[in-house]
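Protein chains: 2
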Amino acid sequence: MSAQVRGNTNSSVGSSKYIAPMRVGVLGFGGLGQAAARMLVAKQEMLWVAAADLKGYAYSGEGLNLDTCLAAYQSQGSLGYLEPGGILTSRSIQELIAQASSVDGYFLALPNLPNTFIASVAQMFIKSGWRGVLVDAIKRTSAVEQLLVLKEELAEAGITYLTGCGATPGLLTAGAAIAAQSYAEVHQVKITFGVGIANWEAYRATIREDIAHLPGYSVERARAMTDAEVEALLDQTNGVLTLENMEHADDVMLELAGICSRDCVTVGGVVDTRNPKKPLSTNVQVTGRTFEGKISTHTFTLGDETSMAANVCGPAFGYLKAGVALQRRGIYGLFTAAEIMPQFVK
Amino acid sequence: MSAQVRGNTNSSVGSSKYIAPMRVGVLGFGGLGQAAARMLVAKQEMLWVAAADLKGYAYSGEGLNLDTCLAAYQSQGSLGYLEPGGILTSRSIQELIAQASSVDGYFLALPNLPNTFIASVAQMFIKSGWRGVLVDAIKRTSAVEQLLVLKEELAEAGITYLTGCGATPGLLTAGAAIAAQSYAEVHQVKITFGVGIANWEAYRATIREDIAHLPGYSVERARAMTDAEVEALLDQTNGVLTLENMEHADDVMLELAGICSRDCVTVGGVVDTRNPKKPLSTNVQVTGRTFEGKISTHTFTLGDETSMAANVCGPAFGYLKAGVALQRRGIYGLFTAAEIMPQFVK
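Chains as they are written, first to last, in the numbering used here: chain L, 182 to 527; chain B, 182 to 527.
Some hints here could point you the wrong way.
Note that identical chains are pooled: a pair holds if it fits in a single copy or bridges any two copies.
Below 27 Å or equal to it, Euclidean Cα-Cα: the simulated DSSO-like pairs (lysine-lysine) are [as the list claims (entries may be wrong)]:
#1 Lys371 to Lys458
#2 Lys236 to Lys475
#3 Lys527 to Lys224
#4 Lys308 to Lys527
#5 Lys224 to Lys475
#6 Lys332 to Lys308
#7 Lys236 to Lys308
#8 Lys527 to Lys475
#9 Lys308 to Lys224
#10 Lys308 to Lys475
Hints are computed from structural coordinates only; laboratory data are not their basis.
Here the structure is a predicted model, which means the values were calculated and not measured.
One chain only, chain L, in its complex shape:
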């Protein structure tokens, strides 16, 4: 962590005031990574200093410029073409970590394709000797389980890793963890999301991850689909993907937090790839029994006007800020969005 990041060391109230902004990197520069960068450049408390895509990376200690980064990526296909500061390399993440030692934390806005990719990136950080905060918006249970295996190694490396910190898992999982507090026993956590995007090409990797949840599909099969094949599939459903009983890490996260068994958690939703209006209001319902024996349901519903990008990247940076506070206290290891209160980033 940068020596410039200093807060109140005596207690937490008021500790959100930093003297210098946190220095933040974003790995991945597709739809999600670009939205993250756009969000970051408007934050006073964070400075966007590093970004990487498959073919290259860009780093600037004074902060990256969003317009020039977008221009380089969109016109030439990689941040590595950025002038000055871009480096073209097939080992973009490893080289960026090695160069940018003053970065306080990274948001891994990478599609987890293949399903072992995020865990392999975590291993790159462990091997690098860098100490700081990592945050992902990973979705699958099996992907979080791969990180659980790395728990001790992350702690020993001095890395504070927060997993499952997007919308779901993330925002809604944290909402469920709060809602659970009214109950002696939690019986069901039911997450239902609605996503509307104007055109799927802006979120190619995210939509492929969704397709991978459809019956008969796998992560590998979805990843191997050409754009034309995705288009053909979407034509069959009028652009709508209906997903049920998805493998979603909300389950393992709520189980790890001791709230309920993973079997009590269900995740499903509807994604409209041809209409920015959400097909339904994203919500989580938490049903349980109170200490008095009453059965009831709390509901946390997201406003329809909030986009997937706002609901994923906002929490991701909120958890990154919370992670920096943990780092500062010497608290390393693996945490989930259900355990840590995200901090609001101005």
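Go by the hints and put chain B onto chain L.
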């Protein structure tokens, strides 16, 4: 903190497993304190070992018995009459703290009458030399501000104090802090609660605290009212209290967490003192602007079947458990429910 309370020291995932239960005390044995005790005795992870009222206290290292405590209090007016283990004294809190050094944490289920009372209790703990976790379900902004003054003293005393950890502030404030994550800027947090209780006599102090929020009333005036005067007031409104723009600490808590200015937070509600059915569903609405410039509102709504007791005491013990984890890491001072993720207590 008791040496028996030990968790996983490497990282937080899985740290909710304790070898021995946390040893918990409850200060105050009115409606809220009794509900807290009833909740506690059903928890595997917590052991109810101490309780105090105005006239006495009870302590047992092996755990207190709910039935005998209730019988002593209801038949003779104080836990001090409990046989064996009860002590009659007008200095019940000081004497209990001095005797019960192995208590890991206390829930202050005390009516804050006068409005300086909870802060004076915090000072008793600071002076006592006891180190552990304190949790309150305090309501007024001015009451939390008195604790803020004690922030450094609490930290130096090795006390981890979590304030505003009931329903509102508490459960709903934490829900608002989560909901805020989708926004670049939070414009309004609007808390509206519905409370239904079968008869006001079960919550004499709580109802007096509500009356104190009515136009023309103060904490002192409400406290000085006889039961007959309260009854007469309630007769005028058919048992319903409608409260608007209440002085509620949700505002200062969300401001301290950096989420919004206190002026953006409003708290109001309807209390029906003659019907256990809630007059409206308790909810918090969080309105803000996303990084893309959209205005939207997230809503967190509590199930009507959850009682005030479930929504206050559940979070209080969830924060107490989180506080014990902070203690174990040597983290002392003052925290609010908007900063810390409560942990689920089995």
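Verification of the hints:
1. Lys371 to Lys458: both (22 Å within a copy, 25 Å between copies)
2. Lys236 to Lys475: Cα proximity of Lys236 and Lys475: none, with 56 Å in one copy and 33 Å across.
3. Lys527 to Lys224: within (5 Å within a copy, 39 Å between copies)
4. Lys308 to Lys527: For Lys308 and Lys527, neither the intra-copy (32 Å) nor the inter-copy (38 Å) Cα distance is at most 27 Å.
5. Lys224 to Lys475: For Lys224 and Lys475, only the inter-copy Cα distance (17 Å) is at most 27 Å; the intra-copy one is 44 Å.
6. Lys332 to Lys308: within (14 Å within a copy, 40 Å between copies)
7. Lys236 to Lys308: Classified as within: same-chain Cα gap 21 Å, cross-chain 62 Å, threshold 27 Å.
8. Lys527 to Lys475: between (40 Å within a copy, 17 Å between copies)
9. Lys308 to Lys224: neither (30 Å within a copy, 42 Å between copies)
10. Lys308 to Lys475: neither (51 Å within a copy, 41 Å between copies)
Hints 2, 4, 9 and 10 from the list above are not met by this structure, while the remaining hints are.
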